[in-house]
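With the hints as constraints, model all of the structure from the sequences given.
Residue numbering for the sequence shown follows the numbering used here, beginning at 200 and increasing consecutively.
Possibly wrong hints are sitting among the right ones.
[Unchecked claim] Derived Cβ-Cβ restraints for the label pairs, each shown as a range:
hint	residue 1	residue 2	range
1	Thr259	Asp321	33 to 41 Å
2	Arg205	Gly288	27 to 35 Å
3	Ala290	Gln241	13 to 21 Å
4	Glu297	Glu248	26 to 34 Å
5	Gly299	Val211	30 to 38 Å
6	Phe263	Gly303	15 to 23 Å
7	Gly213	Glu297	32 to 40 Å
8	Asp321	Pro221	29 to 37 Å
9	Glu237	Gln306	18 to 26 Å
10	Glu233	Phe300	17 to 25 Å
11	Ile209	Met278	32 to 40 Å
12	Asp321	Ser262	35 to 43 Å
13	Phe263	Pro289	12 to 20 Å
[What the hints assert, rightly or not] Cut-off 20 Å, straight-line C-alpha distance, at most; resulting in silico cross-link-like pairs (EDC-like, lysine to aspartate or glutamate):
hint	residue 1	residue 2
14	Lys273	Glu233
15	Lys273	Asp301
16	Lys273	Glu237
17	Lys273	Asp261
18	Lys273	Asp253
19	Lys273	Asp204
20	Lys273	Asp225
These aren't lab readings, by the way, just hints derived from the structure by calculation.
For glycine and all other residues, C-beta sits at the position ideal for the given N, C-alpha and C.
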Amino acid sequence: MTHTDRVTVIQVRGTLIATLPPHPSDSTIDDLQERILERINQTNLERIEGVVLDVSDVQTVDSFFARVIVETAKMVELMGVRPILVGIGPAIAITVTELGFDLGGVQTARSIDAALDALGIDSG
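Right under this line is the structure:
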């Protein structure tokens, strides 16, 4: 994995925010899923209430990417944490729709600010 192919995961007030690079490799996508699920599982003292998956910079989308992002959101939800997909652009929307992936009620937002508002995270 190169420096430009990394997933950034930060925690802000009980919310994990994961930002994906423009051209994520399959290993990057697998890393995202693993890191998010591990962080939720390990964070017993500081409960994680939400996970924001920011895909707004992603330019290269294939069926593997779409499937793993949707699966990750559903896994997060099964762990009792609210997932929000942020920044779904035309390429991702087309791929997810054409492949028939069901978001299963996973919430989407146009920006990280909108996602944090939806989660009730105060900026101050």
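**Study point:** Cβ distance range 12 to 20 Å for Phe263 and Pro289, holds or violated
**Key:** holds (19 Å)
**Study point:** Beta-carbon spacing of Arg205 to Gly288 - inside the hinted bounds 27 to 35 Å or not
**Key:** violated (20 Å)
Exercise for review: Using the Cβ atoms, figure out if Gly299 sits within 30 to 38 Å of Val211.
Suggested key: holds (34 Å)
Point to revise | Thr259 versus Asp321 beta-carbon gap, inside 33 to 41 Å or not | key: holds (35 Å)
Check your understanding: Cβ-Cβ distance between Phe263 and Gly303: within 15 to 23 Å?
Key -> Since Phe263 and Gly303 have Cβ atoms about 19 Å apart, the given range 15 to 23 Å holds.
Exercise for review: Using the Cβ atoms, figure out if Ile209 sits within 32 to 40 Å of Met278.
Suggested key: Distance hint for Ile209, Met278 is violated at roughly 19 Å.
**Study point:** Distance restraint between Lys273 and Asp253, which requires alpha-carbon spacing of 20 Å or less
**Key:** holds (15 Å)
Exercise for review: With respect to the beta-carbon atoms only, verify the hint that Gly213 and Glu297 lie 32 to 40 Å apart.
Suggested key: Between Gly213 and Glu297, where Cβ atoms are some 35 Å apart, the hint holds.
Check your understanding: Do Ala290 and Gln241 keep their Cβ atoms within the hinted range of 13 to 21 Å?
Key -> Violated, since Ala290 and Gln241 (Cβ atoms, about 33 Å apart) do not stay within the stated range.
Point to revise | Consistency of beta-carbon spacing, Pro221 to Asp321, with hint 29 to 37 Å | key: Once the Cβ atoms are compared, 31 Å apart, the range 29 to 37 Å for Pro221 and Asp321 holds.
Exercise for review: For the pair supplied as a hint, Lys273 and Glu237, confirm whether the alpha-carbon distance does not exceed 20 Å.
Suggested key: holds (15 Å)
Check your understanding: Are the Cα positions of Lys273 and Asp204 separated by 20 Å at most?
Key -> violated (24 Å)
Hints 2, 3, 11, 19 from the earlier list are contradicted by this structure; the remaining hints agree with it.
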